[in-house]
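So the chains spell out like this:
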Amino acid sequence: MVKPSQPENDALRVIQTARTVDEMNQAARNGYRPLVKPVIPSAKIRSKFAVYQDPETGEISMGSDYRFNGGRVPVIPFSWYYPYTFPNPFAAYLIPPDLHVGEIVILEDLIEDIEGIHWNQGDVYRLASCEAEWTGDDFILLHDESKTEMLIG
Amino acid sequence: MPTKLSLDPLRQTLHDSQGRLLKKLHCPKLKSWNQLTPGVASPVPQKWCESCDRAVLDTAQMSAADIMRRLKDDPQTCLAIQLDQKNIEVKVMYG
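Chains A and B are the protein sequences, given in the same order. Position 1 of the first sequence, counting from 1, maps to 1 under the numbering used here, and the rest follow consecutively. Position 81 of the second sequence, counting from 1, maps to 234 under the numbering used here, and the rest follow consecutively.
Since the hints were made in silico from the structure, they are not lab data. Glycine residues also receive a C-beta, built at the ideal position from the N, C-alpha and C atoms. Among the hints, a few may not be true.
[Stated by the list, open to error] Stretch-level coverage of chain A by chain B, calculated; a stretch enters the list once three of its residues show a Cβ under 8 Å from a Cβ in chain B: (1) 61-68; (2) 106-119; (3) 128-136.
[Said to hold, decoys possible] Derived pair list, reagent style EDC-like, types lysine to aspartate or glutamate, alpha-carbon separation capped at 20 Å: (4) A:Lys48 - B:Asp161; (5) B:Lys182 - A:Glu108; (6) B:Lys177 - A:Glu108; (7) B:Lys182 - A:Glu149; (8) A:Lys37 - A:Asp138; (9) B:Lys182 - A:Glu145; (10) A:Lys48 - B:Glu242; (11) B:Lys182 - A:Glu115; (12) B:Lys182 - A:Glu133; (13) B:Lys182 - A:Asp109; (14) B:Lys182 - A:Glu131; (15) B:Lys177 - A:Glu149; (16) B:Lys177 - A:Asp109; (17) B:Lys182 - A:Glu103; (18) B:Lys182 - A:Asp144.
[Stated by the list, open to error] Residues of chain B clear of chain A, computed beta-carbon distances all greater than 10 Å: (19) Leu174; (20) Ser216; (21) Lys225; (22) Asp226.
Make a model of the complete structure from these sequences and hints.
Structure follows, in structure tokens:
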């Protein structure tokens, strides 16, 4: 395959997220400023599941995809739920002391519930990471919805 | 019966037919398919990531065996996967 001749330089700083009080306080002691935010689940984010049980053995199996039920009869038919769990109802971005206003960064573990991948079966998954601009007080999320049509990695 | 792969969309992990982890799909540069550069014709459709200087394989037309072979040869192989691909079951790996 032919490589492009001018690789772009996009070495953005990565801002980490603390999900526990211990992590936040440890970061504060190390010179970071925890920017604390509530963890608010979005009603738009959802996943589905079904539970199947072998009538002979009693063993359980799960399904997430309408296309692959294999003729099994569910004991719990496809049902919607919010699929994520977090250790606390709050979290914090760890702001380094030298972060300057207008700097573009990568929020590695997004606290806000932003819609990420949409599946044509109705499932909507949260965006895991996002670019953002630092205003001095908070981040402006720079999310482009067109970027989430495929999983890349 | 052909081997089938599973994708856990919550953890963004790819698994073999036995549920064994093949790869965690994570792009540290947050690249999208549209941001990648088309390359020359190849047996496997792919684009080029300028940031990492690597190919990203479009897995939609690949067999499970081919995907697994690529990952065995190079575990850092970058993949692009859509949830409605016919060759991959979307399956949350519940404990």
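Evaluation of the provided hints:
no.	hint	in the structure
1	61-68	holds (count 6)
2	106-119	holds (count 3)
3	128-136	holds (count 4)
4	A:Lys48 - B:Asp161	holds, 12 Å
5	B:Lys182 - A:Glu108	holds, 10 Å
6	B:Lys177 - A:Glu108	holds, 15 Å
7	B:Lys182 - A:Glu149	holds, 16 Å
8	A:Lys37 - A:Asp138	holds, 10 Å
9	B:Lys182 - A:Glu145	holds, 16 Å
10	A:Lys48 - B:Glu242	holds, 14 Å
11	B:Lys182 - A:Glu115	holds, 19 Å
12	B:Lys182 - A:Glu133	holds, 15 Å
13	B:Lys182 - A:Asp109	holds, 13 Å
14	B:Lys182 - A:Glu131	holds, 9 Å
15	B:Lys177 - A:Glu149	holds, 18 Å
16	B:Lys177 - A:Asp109	holds, 15 Å
17	B:Lys182 - A:Glu103	holds, 16 Å
18	B:Lys182 - A:Asp144	holds, 14 Å
19	Leu174	holds, 13 Å
20	Ser216	holds, 17 Å
21	Lys225	holds, 17 Å
22	Asp226	holds, 16 Å
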